[in-house]
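**Student:** Sequence:
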Amino acid sequence: MQSIVTFMILFTDNYNMACLFVFLIGFSVTGKQYVGWNYLLEMQPKSKSVVIGTACFIAEGFVFIAITIFFKWICKQWHYVLLPTVLFGMLGSVFLYLQPESPKWLVSVGKYQEARKSLNKIAEVNGLGTNVADKFVFPKEKAHGNAYLELIAEKEQKRSEAEDEMLAENGGSHDIDGSQIRELCKNPRYCSNLFFSAVIWCALIINYYVVAFYLKYFPGDIFQNTFFMAVADIMSYAVSALVVKKLGLILSVIISLSTAGLGSVLYLFYFHYVSLIPLFIVLCRIGNSMLLNIMYLTNQTLFPTQFQSSSFGILNFISHVSAVAAPIIAELSDPYPFFLYLLNCVLAILSSFFLRQISKLPSNETESGEKSSSQ
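Going letter by letter, the sequence shown gives residues 1 to 375 in my numbering.
Simulated from the structure, these hints should not be mistaken for lab results.
From the three backbone atoms N, C-alpha and C, an ideal C-beta is built for every residue, glycine too.
Be a bit skeptical, because a hint or two may be false.
Unchecked claim - Straight-line distance between alpha carbons at most 30 Å, and here's what the computed BS3-like set of lysine-lysine pairs gives:
#1 Lys46 with Lys245
#2 Lys48 with Lys135
#3 Lys46 with Lys32
#4 Lys117 with Lys32
#5 Lys216 with Lys104
#6 Lys76 with Lys104
#7 Lys360 with Lys48
#8 Lys46 with Lys216
#9 Lys72 with Lys48
#10 Lys32 with Lys245
#11 Lys32 with Lys104
#12 Lys121 with Lys186
#13 Lys76 with Lys216
#14 Lys360 with Lys72
#15 Lys135 with Lys104
#16 Lys76 with Lys360
#17 Lys186 with Lys104
#18 Lys46 with Lys121
#19 Lys32 with Lys76
#20 Lys121 with Lys32
#21 Lys246 with Lys135
#22 Lys48 with Lys216
#23 Lys72 with Lys246
#24 Lys76 with Lys186
#25 Lys48 with Lys117
#26 Lys104 with Lys117
#27 Lys135 with Lys117
#28 Lys72 with Lys245
#29 Lys48 with Lys121
#30 Lys72 with Lys216
#31 Lys360 with Lys104
#32 Lys46 with Lys360
#33 Lys121 with Lys135
Said to hold, decoys possible - So the derived label-pair ranges between C-beta atoms look like this:
#34 Ser359 with Leu276: 41 to 47 Å
#35 Asn14 with Ile250: 15 to 21 Å
#36 Phe7 with Cys185: 17 to 23 Å
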């Protein structure tokens, strides 16, 4: 959908149609981003999830740098920037079509036979044969005993076929998504994590766009300012990865929000000193970018596998709806935008104390320990 709409916007001169296309692009990109993020991390070793996730954000920062260089020194024509988007979108669609469904997700929802098929496909690609996973017994199956393995697999296959027929009749997977959301909200811990994560995400996204809209008031060139912000983002992502692995979720959130809050406090007291404003804004940006990476990386520790995509979708929807207020806040007279920025930081810090992790971020040490114990 993103590739098609992006291609169509290249040929429209109508403002209203362009607005519609931009809306559809944002809609499709958002869904693709969160599902793709979960899928990416599930395909990697657990101990590498922080490194790989952070590398994705760093790569995104370099994309921003490339775009600013393009607009400042090469060409001001925006159409050329969309062409790689169309190309990568088409390649990504073909790639995903050829990939197996996530075995981790299939196991989490009880589809063990389909999980074995997916694992066999992965094993075949890696040159390990086509029936490696046929005799796998997952922990939930052990409760029933190995003697019932074939019977369980047969029942799961029939249930899967019935679900596929039901989805075909209903025209989509909205019923399953709805049931997942209901199940998510039934669990007090998950529901609490969802609520307080939503507060943090709303503060994060609003503050992110407040700074983005404020860039136009900076002295100098907008492209140069964006370039330095992208450099700050890259450094922030790298630092936040180290912090979250060493200190965990709560302390990492507090450190990132304190950094952003410090920038806003300095702005509130010294916004009359124009030469110092870039320093204050960069501090705000660094803290906010650190928080963005941290919240992405740690969502897997707040919700079980079957709820990660749903929770990402809910948090994304709520936070981006709230972000509608960002341009209004950014246009307020000084220093009110950064007073509200600071208020968001405080609310997010308070909310972080109520988050309860159901698991810890994996590390190299834990994975090596598991390997040695299994040997």
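**Student:** Take the hints in turn and mark each one as holding or not.
**Tutor:** Taking the hints in turn, this is what the structure says about them:
Distance check on the hinted pair: lysine 46 and lysine 245 sit about 13 Å apart at the alpha-carbon level, within 30 Å; holds. Proximity of lysine 48 to lysine 135 is assessed by CA-CA distance (about 28 Å); at most 30 Å being required, the pair is judged to hold. Between lysine 46 and lysine 32 the CA atoms are separated by roughly 22 Å; this keeps the pair inside 30 Å, and the hint holds. For the hint pairing lysine 117 with lysine 32, the CA-to-CA distance comes to about 24 Å; that is within 30 Å, so the pair holds.
The straight-line distance between the Cα atoms of lysine 216 and lysine 104 is roughly 45 Å, outside the 30 Å bound, and the hint therefore fails. Our distance criterion of 30 Å between C-alpha atoms is broken by lysine 76 and lysine 104, whose separation comes to about 45 Å. Distance check on the hinted pair: lysine 360 and lysine 48 sit about 13 Å apart at the alpha-carbon level, within 30 Å; holds. Our distance criterion of 30 Å between C-alpha atoms is broken by lysine 46 and lysine 216, whose separation comes to about 41 Å.
Of the supplied pair hints, the one linking lysine 72 and lysine 48 is violated, its CA atoms being roughly 36 Å apart against a limit of 30 Å. Restraint check for lysine 32 and lysine 245: the C-alpha separation of about 27 Å stays at or below 30 Å, so the hint holds. Between lysine 32 and lysine 104 the alpha-carbon distance is near 19 Å, which keeps this suggested pair within the 30 Å criterion. Under the criterion of a C-alpha separation no larger than 30 Å, the hint pairing lysine 121 with lysine 186 is inconsistent with the structure, at around 35 Å.
As the CA atoms of lysine 76 and lysine 216 are separated by approximately 17 Å, the hinted pair is consistent with the 30 Å bound. A C-alpha spacing of about 43 Å is found between lysine 360 and lysine 72, which places the hinted pair above 30 Å, so the restraint is violated. Restraint check: the Cα-Cα separation between lysine 135 and lysine 104 comes to about 17 Å, which is no more than 30 Å; the hinted pair holds. Of the pairs offered as hints, the one joining lysine 76 and lysine 360 is violated, with about 46 Å between alpha carbons and a cut-off of 30 Å exceeded.
Our distance criterion of 30 Å between C-alpha atoms is met by lysine 186 and lysine 104, whose separation comes to about 22 Å. Pair hint lysine 46 plus lysine 121 holds up; C-alpha atoms about 20 Å apart against a cutoff of 30 Å. In summary, the hint linking lysine 32 to lysine 76 is supported, as the alpha carbons are separated by about 28 Å, within the 30 Å threshold. Of the pairs offered as hints, the one joining lysine 121 and lysine 32 holds, with about 23 Å between alpha carbons and a cut-off of 30 Å not exceeded.
Our distance criterion of 30 Å between C-alpha atoms is broken by lysine 246 and lysine 135, whose separation comes to about 38 Å. With a C-alpha separation of about 38 Å, the suggested pair lysine 48 and lysine 216 falls outside the 30 Å cut-off, and the hint is violated. A hinted pair counts as satisfied when its Cα atoms are at most 30 Å apart, and lysine 72 with lysine 246 does not qualify at roughly 39 Å. A C-alpha spacing of about 51 Å is found between lysine 76 and lysine 186, which places the hinted pair above 30 Å, so the restraint is violated.
With a C-alpha separation of about 25 Å, the suggested pairing of lysine 48 with lysine 117 holds against the 30 Å cut-off. Between lysine 104 and lysine 117, the direct Cα distance comes to roughly 12 Å. Compliance with the 30 Å bound is thereby established for this hinted pair. Between lysine 135 and lysine 117, the direct Cα distance comes to roughly 11 Å. Compliance with the 30 Å bound is thereby established for this hinted pair. Distance restraint check for lysine 72 and lysine 245: the Cα-Cα separation of roughly 37 Å exceeds the 30 Å cut-off, and the hinted pair is therefore not satisfied.
For the hint linking lysine 48 to lysine 121, the alpha-carbon distance of about 22 Å falls within 30 Å, and the restraint holds. A distance of roughly 15 Å separates the Cα atoms of lysine 72 and lysine 216; the hinted pair therefore holds under the 30 Å criterion. In summary, the hint linking lysine 360 to lysine 104 is supported, as the alpha carbons are separated by about 17 Å, within the 30 Å threshold. About 11 Å separates the Cα atoms of lysine 46 and lysine 360, which keeps this hinted pair within 30 Å; it holds.
Using a Cα cut-off of 30 Å, the hinted pair lysine 121 and lysine 135 holds, with the two alpha carbons roughly 14 Å apart. A hinted range of 41 to 47 Å for the beta carbons of serine 359 and leucine 276 is consistent with their spacing of about 43 Å. Distance hint for asparagine 14 and isoleucine 250: a CB-CB separation of about 49 Å, inconsistent with the stated range 15 to 21 Å. Evaluation of the 17 to 23 Å hint for phenylalanine 7 and cysteine 185 yields a failure: the beta carbon distance comes to about 39 Å.
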